[in-house]
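Protein chains in written order, with numbering that gives the first Met the number 0: chain A, 0 to 346; chain B, 0 to 461.
For the record, the hints were derived by calculation from the structure and aren't laboratory data.
Heads up, a few of these hints could be off.
What the hints assert, rightly or not - Restraint-style ranges between C-beta atoms, simulated for each label pair: (1) A:Y297 - B:E212: 51 to 61 angstroms; (2) A:V8 - B:R40: 40 to 50 angstroms; (3) B:T41 - A:T334: 27 to 37 angstroms; (4) B:I369 - A:V8: 48 to 58 angstroms; (5) B:K171 - A:E197: 51 to 61 angstroms; (6) A:K36 - B:I231: 29 to 39 angstroms; (7) A:Y297 - B:R209: 35 to 45 angstroms; (8) A:P283 - B:I231: 32 to 42 angstroms; (9) B:K171 - A:F290: 21 to 31 angstroms; (10) B:G336 - A:P162: 53 to 63 angstroms; (11) A:V8 - B:D403: 39 to 49 angstroms; (12) A:V8 - B:K245: 37 to 47 angstroms; (13) A:F156 - B:S402: 20 to 30 angstroms; (14) A:Y297 - B:F433: 57 to 67 angstroms.
As the list claims (entries may be wrong) - Computed footprint of chain A on chain B, listed as stretches where at least three residues anywhere in the stretch have a Cβ under 8 angstroms from a Cβ of chain A: (15) 48-62; (16) 184-194; (17) 206-218; (18) 228-238; (19) 402-409; (20) 438-445.
Ideal Cβ positions, reconstructed from N, Cα and C, are used throughout, including at glycine.
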Amino acid sequence: MSLNSFWFVLIAVLWIGYFILEGFDFGVGITLKLVAKDQAERRAVITTLGPLWDGNEVWLLVAGGATFAAFPEWYATLFSGFYLPLFLILLSLIVRGVAFEYRSKYGKAQWRNRWDNAIVISSAVPALLWGVAFANIVRGVPLQKSGKGVIEYVGGFFNLLNPYALLGGLVTLFLFATHGALFLGLKTDGSIRKQANELAGKLGLVTAVLAVAFLSWTTFSLTSKTDVRMLSLAVVVFWVGTLAANRAGREGVAFLTSSITLALVVITLFAALYPNVMPSSLSPADSLNIFNASSTHYTLKVMTVVAVVMTPIVLIYQGWTYWVFRKRISSTHITSPEAGVLDKIHQ
Amino acid sequence: MNALDLARWQFAITTVYHFIFVPITIGSGFLVAGLHTAWYRTNNDKYLRATKFFGKLFLINFAMGVVTGIVQEFQFGMNWSSYSRFVGDIFGAPLAMEGLLAFFLESTFLGLWIFGWDRLSRKVHVATIWLAAFGTLFSAYFILAANAFMQHPVGYTLNAGRGRAELTNIFKVLFQNTALAAFFHTVPSAFLSAGGLFAGVAGWMLVRGRDTEVAKPVLKIGLVTVIIAFLIVAVSGDWTSRIMVKQQPMKMAAAEALYNTESSAPFSLFTVGTLDGSKPVFQIGLPGVLSFLSTGNFKGVVEGVNDLQKSYEQKYGPGNYKPNIPLAYWGFRLMIGFGALAALFAFMTLWWMRKGRKMPENKWFVRGLISMPILPLLGIAAGWIFTESARQPWIVFGLMKTSDGVSTSVSAGSVLFTMIVFTALYGFLAVIEFGLMIRAIKVGPEKTPVAEKSDSMLTMAY
Numbered sequence: 000m001s002l003n004s005f006w007f008v009l010i011a012v013l014w015i016g017y018f019i020l021e022g023f024d025f026g027v028g029i030t031l032k033l034v035a036k037d038q039a040e041r042r043a044v045i046t047t048l049g050p051l052w053d054g055n056e057v058w059l060l061v062a063g064g065a066t067f068a069a070f071p072e073w074y075a076t077l078f079s080g081f082y083l084p085l086f087l088i089l090l091s092l093i094v095r096g097v098a099f100e101y102r103s104k105y106g107k108a109q110w111r112n113r114w115d116n117a118i119v120i121s122s123a124v125p126a127l128l129w130g131v132a133f134a135n136i137v138r139g140v141p142l143q144k145s146g147k148g149v150i151e152y153v154g155g156f157f158n159l160l161n162p163y164a165l166l167g168g169l170v171t172l173f174l175f176a177t178h179g180a181l182f183l184g185l186k187t188d189g190s191i192r193k194q195a196n197e198l199a200g201k202l203g204l205v206t207a208v209l210a211v212a213f214l215s216w217t218t219f220s221l222t223s224k225t226d227v228r229m230l231s232l233a234v235v236v237f238w239v240g241t242l243a244a245n246r247a248g249r250e251g252v253a254f255l256t257s258s259i260t261l262a263l264v265v266i267t268l269f270a271a272l273y274p275n276v277m278p279s280s281l282s283p284a285d286s287l288n289i290f291n292a293s294s295t296h297y298t299l300k301v302m303t304v305v306a307v308v309m310t311p312i313v314l315i316y317q318g319w320t321y322w323v324f325r326k327r328i329s330s331t332h333i334t335s336p337e338a339g340v341l342d343k344i345h346q
Numbered sequence: 000m001n002a003l004d005l006a007r008w009q010f011a012i013t014t015v016y017h018f019i020f021v022p023i024t025i026g027s028g029f030l031v032a033g034l035h036t037a038w039y040r041t042n043n044d045k046y047l048r049a050t051k052f053f054g055k056l057f058l059i060n061f062a063m064g065v066v067t068g069i070v071q072e073f074q075f076g077m078n079w080s081s082y083s084r085f086v087g088d089i090f091g092a093p094l095a096m097e098g099l100l101a102f103f104l105e106s107t108f109l110g111l112w113i114f115g116w117d118r119l120s121r122k123v124h125v126a127t128i129w130l131a132a133f134g135t136l137f138s139a140y141f142i143l144a145a146n147a148f149m150q151h152p153v154g155y156t157l158n159a160g161r162g163r164a165e166l167t168n169i170f171k172v173l174f175q176n177t178a179l180a181a182f183f184h185t186v187p188s189a190f191l192s193a194g195g196l197f198a199g200v201a202g203w204m205l206v207r208g209r210d211t212e213v214a215k216p217v218l219k220i221g222l223v224t225v226i227i228a229f230l231i232v233a234v235s236g237d238w239t240s241r242i243m244v245k246q247q248p249m250k251m252a253a254a255e256a257l258y259n260t261e262s263s264a265p266f267s268l269f270t271v272g273t274l275d276g277s278k279p280v281f282q283i284g285l286p287g288v289l290s291f292l293s294t295g296n297f298k299g300v301v302e303g304v305n306d307l308q309k310s311y312e313q314k315y316g317p318g319n320y321k322p323n324i325p326l327a328y329w330g331f332r333l334m335i336g337f338g339a340l341a342a343l344f345a346f347m348t349l350w351w352m353r354k355g356r357k358m359p360e361n362k363w364f365v366r367g368l369i370s371m372p373i374l375p376l377l378g379i380a381a382g383w384i385f386t387e388s389a390r391q392p393w394i395v396f397g398l399m400k401t402s403d404g405v406s407t408s409v410s411a412g413s414v415l416f417t418m419i420v421f422t423a424l425y426g427f428l429a430v431i432e433f434g435l436m437i438r439a440i441k442v443g444p445e446k447t448p449v450a451e452k453s454d455s456m457l458t459m460a461y
């Protein structure tokens, strides 16, 4: 395998990590008000993410940084081209992080309720937009080689809001929402757990319909690659398994299979792309691929050494965090649901 | 304004804002780790109370640093895609390394620290805050190395066919003296601001006679941190300016508004009148000092802006190579002035307290205390504005002009729109952040530290 292909795979791995990990973060945020009835429950729900969400988000930053390092043309074209959607994602991530950290600083109900609304919206928006973005990448967008030989995005904002991409957005929105509910089923206890299990079943069915539509569209009209068809089939199989496991009350299995489904979704998208990274809808000659978008062999070599050494270490200590915080949380753990961290309770 | 000007404004606004939280985070992380270790070693409750109290202030800041940092990772691609294409082969590497080596470390171990009070052994728990603190330090190193490449490109070759700079030696990029000097200038300045925060808060508590047991040791730690940090900042600042004279002489000339090449050049302390090269109305200068700072010799020759302009024209072709000189001149002075003022106040306070004297109840003293966290931050902002603006017109010195780095596919309207929204959101968050800090300080440390074996610690956070 050439280093270019290796880095294409590695970036796919980073997105898999991001989709699985921040995927359930988004899902927990989206379903926050559906699974948690009162203040104590909401607090318990958000506490399941407490020690994890920031580390999960780093997968995105590293995916961005790695794309910059390994495929600068991809990084430059993608983020300047998908300018407004990316801006909305960034805006959501800013609001969301602050909302998690600040919601319980005051004890006032209104303060908390506003931040909770912010969490729901700022989790749903990126969950939708990542799907829109990836569907557009796979479908191909208007890329054109300029006089200087630079490949640039020449479509506008509304070009990105085509039906296929919007369907892709709905798929990730519901997929992440289900994944988050499954995570809550695994991590909580009491009525939250029950609510989450039920909700995961309902959301999972909607996801199944949307995903089958999206994958059919992809495999029958966008690409004729057999491996993409096989992978799409595997996505469906694992998703059916997820729903069955959830129904059978096997929470661990359900979360595992839904994580595998998310990984397979990313693999399917990347397999559909390969060897392109951003196909042009105007002319195949204007597509960005793993060769014309890439860094030099030397840079890829340097980054390979760093990635091969660091990625296992990161996986070990991040995995350890999940082990440390493996205990289920329920609203009974919330001793003073109304209290804020900065209230004068100790004076 | 065109897309270029707007993109520059957006970068300035988002980066200066981000860098309010970064230095406080870097410095406070280590100071909190120190307090936590003091508790671990002595079992004295006052250190536990101090750890939790200053830990809260640290976390309120950290959250803002994280969320505003996300924008930085993507802004190069969004607004500066031509720049990203040109230097991506080099510049992307330290950014990716920063993510893999630093961001994962700080975020994961900080999560473990916040929520790990009752889940980890005391020894492992104190280790988590140190790992998080070192994560912030690694992050600083990689991003400063990336910035150093923009100040002084090394370890690259130009590939005319692909129209870009390509990496030939990663070690030169990571370990060139520009990067090292920047690191030893920037990181101590972070300690200066964090020390200022700790000293200011603890001093205020002492003046009010609140939680004196917690405040007393922290005040001392804060003041000593400020003074030591300032000394290191001064030494590395001197190192930085010597490097600057060799690598970016125009920047030094702009910092001094020195238009004509001089030997025994004076260091200008203050100027009344314009800085456009005409005779100043009034100026105080220290004879020979600029020559000494730049060359190590009071009689040394320092090149002026006009002569540099001529030699740059010969080297790089026609064009204006003068940065915004008043901005550079005043940025440079305010950087030094604000930092020195904080250090001076810290020194005076420490001197006053040397025999266990009580804090003076003078209102100017209290104002001084309140300014302790703010002065270093103003100095740091002035310093970055100086060093980035006085590199202009270059985005990568000698290789690419800023005007060639901007995204060509993004309209001015898009940049304006995002800039307005970012600025409004950042302003709104600043009000909230500041309010929470004030509230946290007013509430003060917990009276009785929470028992470690209970879930209430965990649920207190969110």
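Structure-based check of each hint:
Between Y297 of chain A and E212 of chain B the C-beta distance comes to about 58 angstroms, which sits within the given range of 51 to 61 angstroms. In this structure, V8 of chain A and R40 of chain B meet the distance hint of 40 to 50 angstroms, their C-beta atoms being roughly 47 angstroms apart. For T41 of chain B and T334 of chain A, the hinted distance range of 27 to 37 angstroms is satisfied, since their beta carbons lie about 29 angstroms from each other. Range check, I369 of chain B to V8 of chain A: Cβ separation about 54 angstroms, and the 48 to 58 angstroms hint holds.
The given range of 51 to 61 angstroms is respected by K171 of chain B and E197 of chain A, whose C-beta atoms sit roughly 59 angstroms from each other. In this structure, K36 of chain A and I231 of chain B break the distance hint of 29 to 39 angstroms, their C-beta atoms being roughly 55 angstroms apart. Between Y297 of chain A and R209 of chain B the beta carbon distance is about 59 angstroms. The supplied range of 35 to 45 angstroms is therefore violated. For the pair P283 of chain A and I231 of chain B, the supplied restraint of 32 to 42 angstroms is violated, since their beta-carbon distance comes to about 57 angstroms.
The hint said 21 to 31 angstroms for the Cβ distance between K171 of chain B and F290 of chain A, and at roughly 26 angstroms that hint holds. Taking the beta carbon of each, G336 of chain B and P162 of chain A are about 60 angstroms apart, inside 53 to 63 angstroms as hinted. Between V8 of chain A and D403 of chain B the Cβ separation comes to about 34 angstroms, which falls outside the hinted range of 39 to 49 angstroms. The hinted range of 37 to 47 angstroms is satisfied by V8 of chain A and K245 of chain B, whose Cβ atoms lie roughly 44 angstroms apart.
For F156 of chain A paired with S402 of chain B, a C-beta distance near 25 angstroms keeps the hint of 20 to 30 angstroms intact. A hinted range of 57 to 67 angstroms is violated for the C-beta pair Y297 of chain A and F433 of chain B, which are about 46 angstroms apart. Interface restraint, the segment 48-62 of chain B with chain A: holds (4 residues with C-beta to C-beta distance below 8 angstroms; minimum three). Restraint check on the segment 184-194 of chain B versus chain A: 0 residues with Cβ-Cβ distances below 8 angstroms, three needed, restraint violated.
Only when three residues or more bring their CB closer than 8 angstroms to a CB of chain A does the claim for the segment 206-218 of chain B stand; here the count is 0, and the claim is violated. With 0 residues bearing a CB less than 8 angstroms from a CB of chain A, the segment 228-238 of chain B misses the requirement of three and the coverage assertion fails. For the segment 402-409 of chain B, the stated coverage by chain A holds: 4 residues have a C-beta nearer than 8 angstroms to a C-beta of that chain, and at least 3 were required. Counting residues of the segment 438-445 of chain B whose C-beta lies closer than 8 angstroms to any C-beta of chain A gives 5; at least three are required, and the coverage claim holds.
Hint compliance for this structure: hints 6, 7, 8, 11, 14, 16, 17, 18 are broken, all remaining hints hold.
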